[in-house]
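Just so you know, the sequences run in chain order A and B. Residue numbers for the first sequence follow my numbering, so the first one is 31 and each next one is one higher. Residue numbers for the second sequence follow my numbering, so the first one is 2 and each next one is one higher.
Worth flagging that the hints you see were computed from the coordinates, not collected in a lab. Careful, some of the hints might be misleading.
In silico DSSO-like links for lysine-lysine, alpha-carbon gap of 27 Å or less [stated by the list, open to error]:
id, chain 1, residue 1, chain 2, residue 2
1, A, K372, B, K257
2, B, K228, A, K372
3, B, K287, A, K372
4, B, K240, A, K372
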Amino acid sequence: MTTENGNPAKDADVQLPTLKAKDFTTDQDVRWCPGCGDYAVLAAVRKTLPTLGRNKEDFVFVSGIGCAARFPYYMETYGMHSIHGRAPAFATGIKIANPELDVWLVSGDGDLLSIGGNHTLHIMRRNVDVNIILLNNRIYGLTKGQYSPTSERGKVTKSTPDGSIDSPLNPLSLALGADSTFVARGIDIDAKHLTVLMQRGAAHRGTAFIEVYQDCNIFNHQAWFYASQKESRPETTVECVHGEPLVFGAEGDKGIRFHDGGLEVIQLGGEYTVEDCMVHDERNRLQAWMLTRMHYPEFPEPLGVLYCDPDVPAYDAALQEQVAHVREQRAGQDLAGLVQGKETWDVG
Amino acid sequence: MDAFSRAGSGPPPPIGTCPVNTENPTTAASSQIKDMDAVAIRFCGDSGDGMQLTGGQFTTTSALFGNDFATFPDFPAEIRAPRGTTFGVSGFQVQFADHHIHTPGDAVNALVAMNPAAFKMNISDVEPGGVVIVNEDEFTKVNLKKAGYAPDENPLDDESLSTRFQFRPIPISRLTRESLADSEMGAKDVDRCRNMYALGLVYWLFDRSLDTTIDYLETYFGARKNKPEVAAINVAALKAGYYFGETAELFPVQYKVNPAPLEAGTYRKISGTEATTLGFAAAAEKSGTDILYAGYPITPASELLHGLSALKHLGIRTFQAEDEIAAVCAAIGASFAGNLGVTGTSGPGLALKGEALGLATMLELPLVVVDVQRAGPATGMPTKTEQADLLQAMYGRSGETPCVIVAPSSPSDCFEMVLEAVRLAFRCMCPVLFLSDGSIANGAEPWRLPDLDAIEPIPVTHPTEPAPGDERLNPYRRDPDTLSRPWVIPGTPGLEHRVGGLEKQDVTGNVSYDGDNHQHMVETRAEKVHRAQAIIPPLEVDDPGDTDVLVLGWGSTRGSIIGAVNGLREEGVPVAMAHIRHLNPFPSNLGEILEKYSTIIVPENNTGQLRFLLQGKYLKPVIGINELKGRSFQVAELRDRIRTCIDEGSP
Numbered sequence: 031m032t033t034e035n036g037n038p039a040k041d042a043d044v045q046l047p048t049l050k051a052k053d054f055t056t057d058q059d060v061r062w063c064p065g066c067g068d069y070a071v072l073a074a075v076r077k078t079l080p081t082l083g084r085n086k087e088d089f090v091f092v093s094g095i096g097c098a099a100r101f102p103y104y105m106e107t108y109g110m111h112s113i114h115g116r117a118p119a120f121a122t123g124i125k126i127a128n129p130e131l132d133v134w135l136v137s138g139d140g141d142l143l144s145i146g147g148n149h150t151l152h153i154m155r156r157n158v159d160v161n162i163i164l165l166n167n168r169i170y171g172l173t174k175g176q177y178s179p180t181s182e183r184g185k186v187t188k189s190t191p192d193g194s195i196d197s198p199l200n201p202l203s204l205a206l207g208a209d210s211t212f213v214a215r216g217i218d219i220d221a222k223h224l225t226v227l228m229q230r231g232a233a234h235r236g237t238a239f240i241e242v243y244q245d246c247n248i249f250n251h252q253a254w255f256y257a258s259q260k261e262s263r264p265e266t267t268v269e270c271v272h273g274e275p276l277v278f279g280a281e282g283d284k285g286i287r288f289h290d291g292g293l294e295v296i297q298l299g300g301e302y303t304v305e306d307c308m309v310h311d312e313r314n315r316l317q318a319w320m321l322t323r324m325h326y327p328e329f330p331e332p333l334g335v336l337y338c339d340p341d342v343p344a345y346d347a348a349l350q351e352q353v354a355h356v357r358e359q360r361a362g363q364d365l366a367g368l369v370q371g372k373e374t375w376d377v378g
Numbered sequence: 002m003d004a005f006s007r008a009g010s011g012p013p014p015p016i017g018t019c020p021v022n023t024e025n026p027t028t029a030a031s032s033q034i035k036d037m038d039a040v041a042i043r044f045c046g047d048s049g050d051g052m053q054l055t056g057g058q059f060t061t062t063s064a065l066f067g068n069d070f071a072t073f074p075d076f077p078a079e080i081r082a083p084r085g086t087t088f089g090v091s092g093f094q095v096q097f098a099d100h101h102i103h104t105p106g107d108a109v110n111a112l113v114a115m116n117p118a119a120f121k122m123n124i125s126d127v128e129p130g131g132v133v134i135v136n137e138d139e140f141t142k143v144n145l146k147k148a149g150y151a152p153d154e155n156p157l158d159d160e161s162l163s164t165r166f167q168f169r170p171i172p173i174s175r176l177t178r179e180s181l182a183d184s185e186m187g188a189k190d191v192d193r194c195r196n197m198y199a200l201g202l203v204y205w206l207f208d209r210s211l212d213t214t215i216d217y218l219e220t221y222f223g224a225r226k227n228k229p230e231v232a233a234i235n236v237a238a239l240k241a242g243y244y245f246g247e248t249a250e251l252f253p254v255q256y257k258v259n260p261a262p263l264e265a266g267t268y269r270k271i272s273g274t275e276a277t278t279l280g281f282a283a284a285a286e287k288s289g290t291d292i293l294y295a296g297y298p299i300t301p302a303s304e305l306l307h308g309l310s311a312l313k314h315l316g317i318r319t320f321q322a323e324d325e326i327a328a329v330c331a332a333i334g335a336s337f338a339g340n341l342g343v344t345g346t347s348g349p350g351l352a353l354k355g356e357a358l359g360l361a362t363m364l365e366l367p368l369v370v371v372d373v374q375r376a377g378p379a380t381g382m383p384t385k386t387e388q389a390d391l392l393q394a395m396y397g398r399s400g401e402t403p404c405v406i407v408a409p410s411s412p413s414d415c416f417e418m419v420l421e422a423v424r425l426a427f428r429c430m431c432p433v434l435f436l437s438d439g440s441i442a443n444g445a446e447p448w449r450l451p452d453l454d455a456i457e458p459i460p461v462t463h464p465t466e467p468a469p470g471d472e473r474l475n476p477y478r479r480d481p482d483t484l485s486r487p488w489v490i491p492g493t494p495g496l497e498h499r500v501g502g503l504e505k506q507d508v509t510g511n512v513s514y515d516g517d518n519h520q521h522m523v524e525t526r527a528e529k530v531h532r533a534q535a536i537i538p539p540l541e542v543d544d545p546g547d548t549d550v551l552v553l554g555w556g557s558t559r560g561s562i563i564g565a566v567n568g569l570r571e572e573g574v575p576v577a578m579a580h581i582r583h584l585n586p587f588p589s590n591l592g593e594i595l596e597k598y599s600t601i602i603v604p605e606n607n608t609g610q611l612r613f614l615l616q617g618k619y620l621k622p623v624i625g626i627n628e629l630k631g632r633s634f635q636v637a638e639l640r641d642r643i644r645t646c647i648d649e650g651s652p
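Bound-form chain A, shown alone (with noise of 0.2 Å):
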């Protein structure tokens, strides 16, 4: 059966399928190495599908180049693995074309922040109703290790023998500065927090961006173990949680506060008490900014839903509003009239 220049058709009583992980598992051999961070964020992102209350046809999956690009690859969803950098493109011409599904963009640090920097900073600054996936392990993969854009200042890799000299780049302040109206981040190994994060993100409507901390075994191994691992975690980094205030350590006996103009960690028990911490509101975007400019050793770093504004509309949404309008405007205006034109003389 074929639909004859129109949308599928689709049954609109059909039940919501009771979707599993293995639903979203395709027959492809995953090629990533062993130990690779990405396996664990695939498993979570196949767990969190079924959460979503969609149809499996409904999604989108969307990357550019590189390790983490071949995602689309092991969904069994809809999917496109396309060219370097410009995957936050292709993902919004397909929302253009059809607001109804769910678009998901799965990228690495160099294809999203170096070669597609720009696309990137446009789909935010848009606000695209897509959920970008940065899989941030701060070195190129597939092209066998040299230094990202997210690399450390003086990283020693293949093509920086003598220490780079570049800067990184902080992905959740870029993403803040393009007026992303949310912006997350995880961690690789933690699927819970990361389901919990992707949740939220799909319900955003709008550019949702989730930096995650993602480990590349081979090239640059434990280069976010002082934030991932159990024993370190605690003390390295702060769950931002809404409303409440922001303290970290094993003991739970340090907090942020805010004072003099930034942030500062105070310890609690003596001078300090949670009081004085500074409460996590995820509205507002000058706190967000200030946590973004976290970073270890000065300062724990920053997991969670750090800045969310629903309020902005979509790209997506303002079009299809837009088109209406103009629908509704120019009713009566058909081919016919536009071919004619203004101004028309007879012959013969």
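Given chain A, work out where chain B should sit, using these hints.
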């Protein structure tokens, strides 16, 4: 040089010596009326002087009067270059005729120059005996210096102007101010009416009605911009110019170009950009498929983005992307999701889109890419025309990346060729490049309105089940005739699949690095494009008989070629001509046609790109006539060069 380039006719006498045919007793003044068969007028001035508007108005008036016409807007890339400089000169040439014409004319029969710089840049193009009207008020010391004249030099002092031309220096600035002396408007607004004063004078000279332009001014300034006072002074200046012509007796005669005997029907004036816009609107309707046009502003393609952005009610949405690459990628994304993705650009932008066109070729999705060619390389001459992107369209990508290529041959032909491009994109599931150029996009001509009902629907199918016999979707299970793959769109239950730029195993679409499969896929993608020949009309040859010479062209050179070939035929030199609109694949009978002629001449505004393709494919010697001057061929020059080629024989 022809004074009036009636296509192919011998040189008629210039305006100054044209015999008086009729007296028109109905004209208020005592002037006589001379009938002319064709006239080329050029309006030129500073880029802020409104010359494009003036020329456009004259064209519309001539069109409604029933003349055939062709226009050539020629403007600088700078929006407002320093006033009065030669690089800020903007010109608009229109040829209007009482017979069928194909070019804006070689020599200028009447020139209107609004300042010294415009005079300097254009006077050499005026035929001997032609009309030269200049705004003498602007020939001030300062302006003369800006135009690069030596101190104390004023070209208007050259007494030979009066013997070489019908030279009329007129104080247009002062007369405009005087005619609007009662107006409450400021000096700046008043001075901006000079172009209408000059247009009024020209309307009188060519015995034209003011009605169309008055309507335009009242609608544009009055109704749309809500500035009726601006409309009023422009109308007043227009009328004042007209009456000045009538009463000043500057010209002994008026000139009249009668309506042309065009095929019966309803006509409108249309530019290449407008015809392209309408073509996409028609394609959306005829295919029942919405279009996403994604573009990034670039001269001379931006107007296409402007035109299409106003058609949301007709199934077209536009997306102004952050760059050329994002534009083509968004278009491909839209095609993946079930729209027809279209992107438009000029040569430098096409270079940027190359990688994505490779992806679209691998994904096997429909895509139309409009390239409004301009003089390159790099930024080149953005507002000047050229045909030098043919080989880029053919080969400018990594790997073996065959794309379909079509090229319109005139402004109005864009309508039909867009429909053709869309039809081919859906059939072949691959990128189709549409090679227009600056002269086609900006040029205008009369267009007989098409019968929309007679346009064949464009078939589009989105499968909702696997192919018969397949348990699951095989995204690269090809149609045995067209070799195209099924266009399954996201949202279709049960047919989830992945596409990507990695080589695909045929049928299954799985990633494959197998050498034999790669060879098979490369050959299949090429064969798929080749098979488009099945729906491409055979090439028609206009052969007068008794000739072994064929002039073969493509794109915007058609008008000049027709003019040149007709000229040769009237001289008694029989020459056949044909014009290729499908450049990849070529029409199936092209090889056969080439075999019939011993001398094949290909005029192109490049160094020989079609010649290169023809010689490579058909191993047949081809003579090139190649010119890259930022404009189409002059008819007379081309005629002479073809004659020389014939006289000197094959290369």
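Evaluated hints:
no. : hint               : in the structure
1   : A:K372 with B:K257 : holds (25 Å)
2   : B:K228 with A:K372 : holds (21 Å)
3   : B:K287 with A:K372 : holds (23 Å)
4   : B:K240 with A:K372 : holds (23 Å)
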